[in-house]
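These protein sequence lines map, in sequence, to chains U and F.
At position 516 of the first sequence the residue is numbered 516 (the working numbering), and the sequence of numbers has no breaks.
Take any residue in the second sequence, count from 1 to its spot, add 1000: that is its number in the working numbering.
Keep in mind that the hints were calculated from the coordinates and are not lab data.
Take the hints with a grain of salt, since some may be wrong.
Dumping the calculated BS3-like pairs for lysine-lysine here, alpha-carbon to alpha-carbon at most 27 Å [said to hold, decoys possible]:
1) Lys271(U) with Lys1068(F)
2) Lys1123(F) with Lys237(U)
3) Lys376(U) with Lys1068(F)
4) Lys68(U) with Lys9(U)
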Amino acid sequence: MTLANQTSKLLRISELLYLLFTALSFYLLIASRTGEAHTVWQVLHPAFNSTLFIATFLLFTIIFTAEKTTHKLLFIISHSILIHSLFSIIFPAGDLSGQQMILGRTRLVFDNAVLHGWTGWRPTMPVSTFVFEMFKGINLQAALSTILARMFSLDLLYVHLFLVPVLWGAFIPVASFLTTKTLGVSENASILSSLLVSVFPYATYFGAISVPNSLGFIFFFYSLYFMLRHLSTNDSKTTYYMVIFSVFSFLSHYLTGIMSFSLLFLTLAFKTYEGEKKPSSINARILLVVSSVVCLSLLPLSFIYMKFFDSTSNAVFTLDKFYELPLQEIVGLFFLGELVHGFDLKTILLIIVGPLLALLSMIYQLYNLRRNPNDKIRIRIYFLFTAFLIILVDYRILKLFMSGLPINEERLWVFSGFIAAPFVALAIFAILSSLKTFVKARSPSTITFAGLKTMSKSDVFRVVSLLLAINILIPVLLGGWITFSLSAAYPHVAPLQTTWYELEAVKYIEENTYEKYNVIGDIWTIFAGEVIVGINNPRAYYFGEQSKIGHDLFVNMSRDPSPRWMLWSMNYTNTKVAYFIVTEPRVGTEEFNEVLSKAKENSLQVYGHPEGFGNGKLYVFSYRKE
Amino acid sequence: MIGSIQLHKLERSITNDSHFLATLISCTLIFTIYVNLSTIQSFAIGIIAFVLYFMINAIFLAQAFFEKEDAFSSLMFGVLLLIMLLGFVGWLVMIIHNLDVPMFTMVLLITTTISSLSNRRMKNKSDTR
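Looking at chain U on its own, in the form it has when it is part of the complex (with noise of 0.2 Å):
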């Protein structure tokens, strides 16, 4: 048998031992499918780690041999889509966040209970607000979930949950494997870098919710693929997908459409630099740094005149914070944001290495192509570079000079994620490549077991060591930052998670009610409704999660569980009868059993079973109009 021939049945192995362990790891997270959780730590079947991380490890084996890129594109995505399905596959209702509500709006376009879009024209609305809410990412991820849904003949809870994750986990990898090609360099560390894209925990974390951000997430990543390109090329077609793209994300969240569109400004600059710098070389610094600061001051520009289109936005830029807190937790949120509250040691190191060792690795770089000014690439990583410091300036400005934002600054951190990805694999690749021309310079061409015992002890030691570092223990450490960085994207504290009982009241009501209902309960009683019937559904109403009757409602009847808030809740929505959640592990046992007898005194009937649902931690009472 030839070497060549050893060397396929080898990877072939691999490959069927990578799949085999991704297979297990699915089976695994399906086994830790719970419907009464707070977080996904809690439940998580023991050996997953494990297994995550064995198939990681073989992942990157296969990764740095000469496999075909298409079979190694499909193994990340594999790979991919089972670390991002957390949330979706361990809990019944996905995870307890904005996804939900977004769900909940979903299912009124997919059950068509309102025209027009999620909060559809009004005759009232002032048209700029009609706008705005027209060109809310909510309504392009809605119309996309109802379609697909709709040919999948699923119902919606399914294809809203898995929506992100497979489309992360397909077009991500890919995303980050073509950028890191216009680097020049090799299609191995392109390949790595797809990989890489997974140790940036808040990546994992938003490729884990279907929320219209991260779907504006992935076409933002592609609208950078598309901009790097058109720095070296006039092709038409190329500016056109930069522009496609940078619509689709701005049409998906405006987050990512006013970065996109920051970034396209940042690419028409650096063009025009590159047309200018021969002539008048100082004159086209100077416009490329104006422009650069314009590209900066766009996002936090874009929150303030937010105003003019919602009425309740009202971020501002202040100094508060610097009046407010002491020096010591400004320099900490400098540094490193919001990880300064209540972060370990370990997930803070988890999140900023990643964008640490990529902004190393770019000043590298450009180090190194500074004897080389006319290479095509350096372009291409000057511009990425800025694109870097935007993003770091930017979430410096949002977290200390503003305030009322409505997004989360935290966010950022995606953007830098998607943009050190590439450099963390170069960094990566530089070091093995380095180890490899190291191994090479003092071996013998090809090695042997038997050439082995004609060298010195010292040499052999070294070869060994080296070739060892190189195929395990580099391996090793990247599949064990994966698996770590997992720990970091999935948060450990949570609320309980959506129960199966709150799920199965909720059903059992939309099932066997056949007039107009609603339904009073807490927060989390709403979010429930949300999956299943959505929000403010005139059939089917469920207050919305700020509403202040809503909330009213339900203390009022915690306090004095009688029909007669039941009857204005009625007349309130229009609806023939109305219903009362009450759930132990959300209120406590002591005010739950207070609720449960105050309400048999005051003759509110049980609805459903008379023993309650989740074997007696939920009761439903209902009234119906005479």
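Given the coordinates of chain U, work out where chain F should sit on it, guided by the hints.
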């Protein structure tokens, strides 16, 4: 190797779209999806129709817009573009009216028409070159 050649052949026959055969298959799939959604509501039929619909239209778009890329990247771009097109047309129809079953079928038809015409336009362009 044989599998790869067969896949390439399949891709060629879809992009050739002789006598609009691939487009007609795509339209038949839309009809199947519509009937499945209105009467049978089978997930198995849905997934088969979905895969075939995506394969045909993604290959159309890949051929039309990303012909110069390598096969894998081209297909990935085709799929992404199809998702974007479905999302965009769906969004537009939803904003104008809503996305009930007939409107949803209309979205699929519009998407197929755009994909098929783009493919044909690019094919004619490359044939005349």
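Here is what the structure says about each hint:
no.: 1; hint: Lys271(U) with Lys1068(F); verdict: 23 Å, holds
no.: 2; hint: Lys1123(F) with Lys237(U); verdict: 17 Å, holds
no.: 3; hint: Lys376(U) with Lys1068(F); verdict: 21 Å, holds
no.: 4; hint: Lys68(U) with Lys9(U); verdict: 15 Å, holds
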